[in-house]
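Here is what each chain is made of, one letter per residue.
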Amino acid sequence: DGGITQSPKYLFRKEGQNVTLSCEQNLNHDAMYWYRQDPGQGLRLIYYSQIVNDFQKGDIAEGYSVSREKKESFPLTVTSAQKNPTAFYLCASSQTGAGANVLTFGAGSRLTVL
Amino acid sequence: KNQVEQSPQSLIILEGKNCTLQCNYTVSPFSNLRWYKQDTGRGPVSLTIMTFSENTKSNGRYTATLDADTKQSSLHITASQLSDSASYICVVTPLGFGNEKLTFGTGTRLTIIP
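Listed in order, the protein sequences are those of chains W and R. 316 is the number of the first residue of the first sequence in my numbering; add one for each residue after it. 387 is the number of the first residue of the second sequence in my numbering; add one for each residue after it.
Next up, chain R with everything else stripped away, as it sits in the complex:
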């Protein structure tokens, strides 16, 4: 069964600090890997999409990396802000399929404290 596992489950850091969230997946072969940000009680918002051939993708203070050999991805947040408090969800698309076959991770709950 295709799986996407994220760690840690939750993380608390001080405002201004950096952090890295991890995503390990078993979906293989895959076509792309996505990171979403979900504020409490809201819908997820896309941060990055990487194809299997890409190693890194940035969106402002968010940088995602991908190692297709080890089936790992990370999301690095630089100079965290209070507004970064949210859940971050890793999503993988199997090769040959579209959005109807996405595998979602359970997310990492990030809390930024002042």
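Here chain W stands alone, though its shape is the one from the complex:
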């Protein structure tokens, strides 16, 4: 079945550590996205990529980094520079081009800073 796989589902980090969240899709989608979800807030865009080897900052990119070396993969690194990293992280993908392109989301990764 086609879909998006995020791992790990749960992750604990000590302050000062970098962590990397994995996102893999087999939908053959060109675009991939990382969102952050906090209680009582709408999803906020961290980074997105519309083509391999290219990515753009979203609304809250500070303290995060990404890479897009393969079409299928878009890992997110939460660096020690992110001051409040505890959150639920969602990866999504979609086609690109004209019209409404449905976002397909992964199951999410919950990061907790100890």
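Hints were generated in silico from the structure; no laboratory data involved. Keep in mind that the hints are not guaranteed to be accurate.
Think about it this way: if two alpha-carbon atoms lie no more than 25 Å apart in a straight line, the pair counts; the simulated PhoX-like pairs of lysine-lysine are [what the hints assert, rightly or not]:
| # | chain 1 | residue 1 | chain 2 | residue 2 |
| --- | --- | --- | --- | --- |
| 1 | W | Lys386 | W | Lys324 |
| 2 | W | Lys386 | R | Lys487 |
| 3 | R | Lys443 | R | Lys487 |
| 4 | R | Lys387 | R | Lys457 |
| 5 | R | Lys487 | W | Lys372 |
| 6 | W | Lys385 | W | Lys372 |
| 7 | W | Lys385 | R | Lys487 |
| 8 | W | Lys385 | W | Lys324 |
| 9 | W | Lys372 | R | Lys387 |
| 10 | R | Lys457 | R | Lys443 |
| 11 | W | Lys372 | W | Lys398 |
| 12 | W | Lys398 | W | Lys324 |
Starting from the known structure of chain W, fit chain R onto it as the hints suggest.
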């Protein structure tokens, strides 16, 4: 600033009853409005997408309506089931942009009790 506001924040109804969730937005002009269902601890799943020219869109027991003049949308759930317990998120796309500029509402948390 573009905003999407949803009401109520939370709702509890008996199994088998109908309910209506509201979405008011200030995004203008816009190209499409989407409703997503998000189970606890999971990623959102698309329910409906309506372009600015559409008034209604159904997906099984879910019916979304759109009034572009008043900038309001509603999601009506008929004959609710326990599996409808989830958060429902309204999302608006500004005209001329794609998924990189979505504005997400904070969601309505729906609980169905037997």
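Right, here's what the structure says about each hint:
1. Lys386(W) - Lys324(W): Holds: Lys386(W) and Lys324(W) sit about 22 Å apart, inside 25 Å.
2. Lys386(W) - Lys487(R): holds, 21 Å
3. Lys443(R) - Lys487(R): holds, 23 Å
4. Lys387(R) - Lys457(R): holds, 15 Å
5. Lys487(R) - Lys372(W): Holds, because 12 Å separates the two Cα atoms, which is no more than 25 Å.
6. Lys385(W) - Lys372(W): holds, 18 Å
7. Lys385(W) - Lys487(R): holds, 24 Å
8. Lys385(W) - Lys324(W): Distance ~22 Å between Lys385(W) and Lys324(W) Cα, so the pair holds.
9. Lys372(W) - Lys387(R): holds, 19 Å
10. Lys457(R) - Lys443(R): Holds, at about 16 Å.
11. Lys372(W) - Lys398(W): holds, 18 Å
12. Lys398(W) - Lys324(W): Distance of about 21 Å is within 25 Å: holds.
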